[in-house]
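Asks: This is what each chain is made of:
Protein chains: 4
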Amino acid sequence: MEILMDADRLNAFLATDFPQVADGCSIRSVAPDKLVALLQIGDQHLRPGGTVSGPSIFALADVAIYCAILSRIGPVALAVTINASIDFMRKPAAGRNLLAECRILKLGRSLAVAEAMIFSEGSAEGVARCSMTYSIPPKRQ
Amino acid sequence: MEILMDADRLNAFLATDFPQVADGCSIRSVAPDKLVALLQIGDQHLRPGGTVSGPSIFALADVAIYCAILSRIGPVALAVTINASIDFMRKPAAGRNLLAECRILKLGRSLAVAEAMIFSEGSAEGVARCSMTYSIPPKRQ
Amino acid sequence: MEILMDADRLNAFLATDFPQVADGCSIRSVAPDKLVALLQIGDQHLRPGGTVSGPSIFALADVAIYCAILSRIGPVALAVTINASIDFMRKPAAGRNLLAECRILKLGRSLAVAEAMIFSEGSAEGVARCSMTYSIPPKRQ
Amino acid sequence: MEILMDADRLNAFLATDFPQVADGCSIRSVAPDKLVALLQIGDQHLRPGGTVSGPSIFALADVAIYCAILSRIGPVALAVTINASIDFMRKPAAGRNLLAECRILKLGRSLAVAEAMIFSEGSAEGVARCSMTYSIPPKRQ
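Residue numbers (UniProt numbering), protein chains in the order written: chain R, 1 to 141; chain L, 1 to 141; chain S, 1 to 141; chain G, 1 to 141.
Don't read these hints as lab results, they were simulated from the structure.
Computed from a predicted structure; not experimentally measured.
We put the beta carbon where it would ideally sit given N, CA and C, even for glycine.
Nothing false has been slipped in among the hints.
To give a feel for the contact side, a few chain S residues facing chain G, derived at Cβ under 7 Å: (1) D17; (2) P48; (3) P55; (4) F58; (5) A59; (6) N83; (7) S85; (8) I86; (9) D87; (10) F88.
With these hints in hand, go ahead and build the complete structure from the sequences.
Replies: Set out below in structure tokens:
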């Protein structure tokens, strides 16, 4: 399937349209079968003890999946998350950024399903697994 | 079941131990069958158009459920979320704070399950529904 | 909101249209805010040791939520589950039927969200909690 | 990681210990990174119109994930599902068996997380995606 927005365009879109939500997140690469997003860890993402907080991991997964869908349908549509399921599996490695590898499982006319695996940069073991369903509004004529 | 931490103690705990995660969240009331948490909306919680972002709603649910568990087991234990499922059902009302009403469904020795319904303040229709499973570490002797 | 199908009509519908899926399930009562469904336990629902199997509990929740939606929109529409999240919290009591108490949280034009709590008959502690999202097809003219 | 039970041993275990739950399910192959399970479609799995029912798909995912865990820890342990999240993405192809491809994401001392993708045999597009968390009881000395 065609990629309508590459990493540069998605990052520009995040910077202008989602500055708060994107907080620390950016898109590293977009390929037909995988999008990779990065969470640059800052103090605002940490729990006591230096672990990245659950909501920060959720936010990374949300940005990754949202951008994966936009990469296919373009920036016009206003997709909204209707459901998310997330498993927190391992403590993120201290002092490392997080990566989300996202894959679209279904891209229908009105619903999209995608999943993201979250890793500490440089580690192969998953920190978290997240799947989300997005509602895609009908195209305006 | 006995309440070991009331709203004042939980808020003091959030302020000292979870300043970043709690960002805007506080506990309004704790009763045996229901904890109510508040998200004071700030610019950092908003998506374009003035809607509260999904990750901010997730963070509110996480704080509410975490505090509901602490209210029963006390501040010592280091409970961690192992799973969360969230349904985003309606757009939050513009310019209103969000409330989370949380109920513990199971409080076992090693696992707790709770759910939270999120509302715009002053509205009876749910913005989101969230359930979470927490792992509770064994007591130190 | 108006109830378009009561328990008798829903049971007749299950018997004629969903004999396999309904296997042992029936609707006990339908009220504006709660539907109650029953799973009459048979050998086919049991795991070794006499516990009701997870898939049987899932099937009960699915029938309960499906019927709760049909009770509001009538038997014409072909609603399909698009997402389910289920927490298995306690072992069902041996030799008891299961009840599902179902509540609709959102009934939109194209999406419905509902949750069900599953109990062993005669017990107040939840065996499982389930939430589901259904897609409701557009009305035919 | 070592495989303690191969497909033959898992199928023998299902036949003796889980005859009802396994109803139509069998294990086709077990490799270090992937278990494949099969649901041989029978009348009892069908909804009106000939589609495989949601609970039947859930049962297949449950058997696949359960066996994937047993393949690693052996038949002694009594693992139980504590949480499941499932996305139904596409209608199964009529008259085709279903396959579940299962991958273990975490195998800890007390918790395991795995996911399964469900396909109609001969099709590359996913019918459903399911993730589950299992609780693994402590080893008896």
